Amino acid sequence: METEIKEPVIVIKDLVKAFGDKKVLDGFNLTVEKGSNVVILGKSGSGKSVLIKCIIGLLQSDSGSILVFKGNISQMNEDELDQARSKIGFLFQSNALYDSMTIRENLEFPLLRHWVDITKEEVERLVNEALENVDLLHTMDMMPSELSGGMLKRVALARTMILRPEVILYDEPTTGLDPVTSREIENLILKLQKKNHSSSIIISHDMNCVKNTADLVVLLLEGKCYTKGTYEELKQSTDENIKQFFE
Amino acid sequence: MRNPKANNIKLGAFVLSALVLMIFAFFIIGKNNNIFGNDFRLKVQFSNLNGLTKGNNVLFSGLQAGTVKEVELINDSTIEVTMQINSKVKSFIHKNALAAVGTEGLMGNKVVNISPVKGISKKVEEGDLLKVKNTANMDEIIAKLSKTNDNVAIISEVLKGTVLRIDSSAILKLINDQSIGINLKASLKNIYKTTSNANEMTIGLNHLVNDIKKGKGTAGLLLTDTSMASTLKDAIVQIKAAGVNANQMTNQMNTMVKDLNHELTNGKGPLNRLLKDSLTAKNISLTIENLQKGTDGFNQNMEALKHNFLFRGYFRKLDSKKKEEQSELLKSSQKK
Amino acid sequence: MSLVIRFKNFLDETGNIARFTARFFSVGIKPRYENKELFNQCYIIGYRSLPLVGLTAFIMGLVLTMQLRPSLVDYGVESQLPVMVGLAIVREIGPVITALIFAGKIGSSIGAELGSMKVTEQIDAMTVSGIKPFKYLVATRVLATTLMLPLLTILGDAISLFGAYLGVNIRSVTSFDLFFLQVFKSLDFSDVLPAIIKTLFFGFAVGIVGCYKGFNSTKGTQGVGISANSAVVLSSVMIFIIDLLAVQITELMGLN
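Chains as they are written, first to last, in the UniProt record's numbering: chain A, 1 to 247; chain B, 1 to 336; chain C, 1 to 256.
These are calculated hints, taken from the structure and not from any lab test. Computed from a predicted structure; not experimentally measured. Just so you know, not all the hints are guaranteed correct.
Computed far set for chain B versus chain C, every beta-carbon distance over 10 Å [claimed, not checked]:
# : residue
1 : Val15
2 : Ser17
3 : Lys133
4 : Ile154
5 : Met201
Examples of chain C residues lying across from chain A (beta carbon under 8 Å, computed) [claimed, not checked]:
#  : residue
6  : Thr120
7  : Glu121
8  : Gln122
9  : Asp124
10 : Ala125
11 : Thr127
Each residue gets a CB set at the ideal place from its N, CA and C atoms; glycine is no exception.
Bound-form chain A, shown alone:
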């Protein structure tokens, strides 16, 4: 465990988000340091997805602040949000590949949007590189419906990485995949992260994934940060609420 204090990338303070009467997040605090992988653990419906959607601005928080690169997401206008989003990658649970477009177009799409004055050659090069990173260069002109689940996840990962984000948010990256493919995805996440020197927040309840990727594990319970520590630290814990995840 590293003890030196690094530059914080994401600072979340007293975040509250409610749907109707139900408070999903109730005073959540978290700091993500540069270059670290934070895994957020929690039961289904505990508000993990809501948390990362708040971070990227898909959901508007009710109170509290989310500072990403020292800018407060909840107070940004659309243009500023777009600016901030270009530095944040998001891997969706369901991949969210545009199924009306080919793989190439899927990858080009964010590129052309965020980097408006990019040249065609540059786009071509970046797309090739991104697909090469996930070993799927041959699928370039296929439609998403022609690929398997694992391949789709890898394409989605490539699309997330193509903008070289400084922070990547993973929404259950290994859910629904077999253990072998899960391992591949985990390795890819680590490999690409090292290459880009990015930080990440990973939502998962797959303990293997947590074990392999986490620098810091945060347990989300009843809308609050219940506890945090390394994988090993939490595994030793005798707390019932923690123990149930490791059984």
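Chains B and C: place on chain A using the hints.
Then chains B and C, alone, in the frame of chain A:
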């Protein structure tokens, strides 16, 4: 998205074909509209539109010539109708043309019929007011028809009675009798003679009256002469009686000739046979001619007499005092 | 009580659709424009719908003619058949039938497409990628439906009139020239223009309702199905309501 260029071409073809169709349709409709779209307007004032409304057709001699553009109530008995007329028809409508509200078919839409009238007139100009041709509308026609029907009913009732009476009368039997024909021939000859006599008589009378008419001075002279006046009076009374007799006679002749005519056309009975005799036919025709002449002459006489009497009446009114004196003189002279 | 709640829900839905429409005008119309996607949607919505619209329009013209004939023959105005059919097709049948078919095909596909995009987080993915989904997905589709339906209606009218021409020729003989002349002689701008203008609104309604339903789809495949279905139902009803409004407006403007 696989082949965006080909898709764009298809989209272009689709959009273009639709736009071309639209422009084409607009062009054709526009062309139609232009024929009736020229601002050439005619007006006409009706007292009753019978349901004519905006948008109804205007026919010129039965040819579609435009539409009713505006209907405006001017006062309680005048409604002004503004019509938009095809400019092609403009040069054929003259100022004396008549307009009327009509109907397409028996129960169809109302139309304005413009009909030309013979005679020289200038061509119409923008905004001219046409005259109205009076035509009966359906309701009036039906009202009149029902009245006519009533009359026909009455007439036929009367006719029925007449025919029944004729049927039962002795005249028909008379006509059917063969010997009557011969008698008739003889009587026709007599009639001929009578009429020629009457003719002569009336000619004589004519002369007489003409003489009376001619001499204004003579008349005055005559009138001062009391004895002459009384004689004249007698003569006039006699002439009058003769005239009445002649009139009766001609009337009788008339009915007789009518009956003859009837027999002739029917071609039945002894009369027909009688008339096959060319000589008789000639006689009859002569008779009728004379009769005509006689009555004509008599008519003239009567006319002349009337004028004379009027003149006398006028004269009497003018010098009523003188007349009284004259009558006194007359009386005194009679006493003498 | 449930009736009150349902009425409230109805008002809520109406308010949301109105808001959605307002958003189209405030957000969707401003630059930057997604021209490429707009053309793509025009292709899918316009060109791909043509065969279906053409087929239904053709059958409608043919059937309408054959159905109208007997009563016209009864009145002895059989010669007016082209005029009757032409006016009916251009003024009412063409626009409304085309719009209903369009609502069935395009409304449901937009509802289902956006619904499944919503469910599979593709819409979120767009937002994250710096694309405004409202512009990219909604504005393009609404514009495409608004622009394409009038064009489809014009083509549909033409095909329908051709069907009517064949329909006239089944029982009697008329030349194409005469038919054409009779139809166009009875048509005026006041027949054609309101009919085409109202299809702009039909198309707009189909686009807005389809997008709204898809955009607000609930999770799961059932949610997508419901979006697609309610998009068709609601846009069809909207078409009739707009038609009613259109006829009254043209009446008021004195164009009838």
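Here is how each hint holds up against the structure:
1. For Val15/B, the shortest C-beta to C-beta distance to chain C comes to about 6 Å, within the 10 Å cut-off, and the non-interface label is violated.
2. Once the 10 Å rule is applied to beta carbons, Ser17/B is inconsistent with being away from chain C; the minimum gap is 7 Å.
3. The claim that Lys133/B lies off the interface holds: its Cβ sits roughly 28 Å from the closest Cβ of chain C, which is beyond the 10 Å cut-off.
4. Its beta-carbon lying about 39 Å from the closest one in chain C, Ile154/B satisfies the requirement of being farther than 10 Å from that chain.
5. Annotated as non-interface, Met201/B keeps its C-beta farther than 10 Å from every C-beta of chain C; the closest such distance is 72 Å.
6. Annotation: Thr120/C was flagged as interfacial toward chain A, and the flag holds, the nearest CB pair being 5 Å apart, inside 8 Å.
7. Hint status for Glu121/C relative to chain A: holds, with the closest Cβ pair at about 4 Å, below 8 Å.
8. For Gln122/C, the shortest C-beta to C-beta distance to chain A is roughly 5 Å, which falls under 8 Å, so the interface hint holds.
9. At about 5 Å, the closest approach between the beta carbon of Asp124/C and any beta carbon in chain A falls short of 8 Å, and the interface hint on this residue holds.
10. Nearest Cβ of chain A to the Cβ of Ala125/C: about 4 Å, under the 8 Å cut. The hint holds.
11. Annotation: Thr127/C was flagged as interfacial toward chain A, and the flag holds, the nearest CB pair being 6 Å apart, inside 8 Å.
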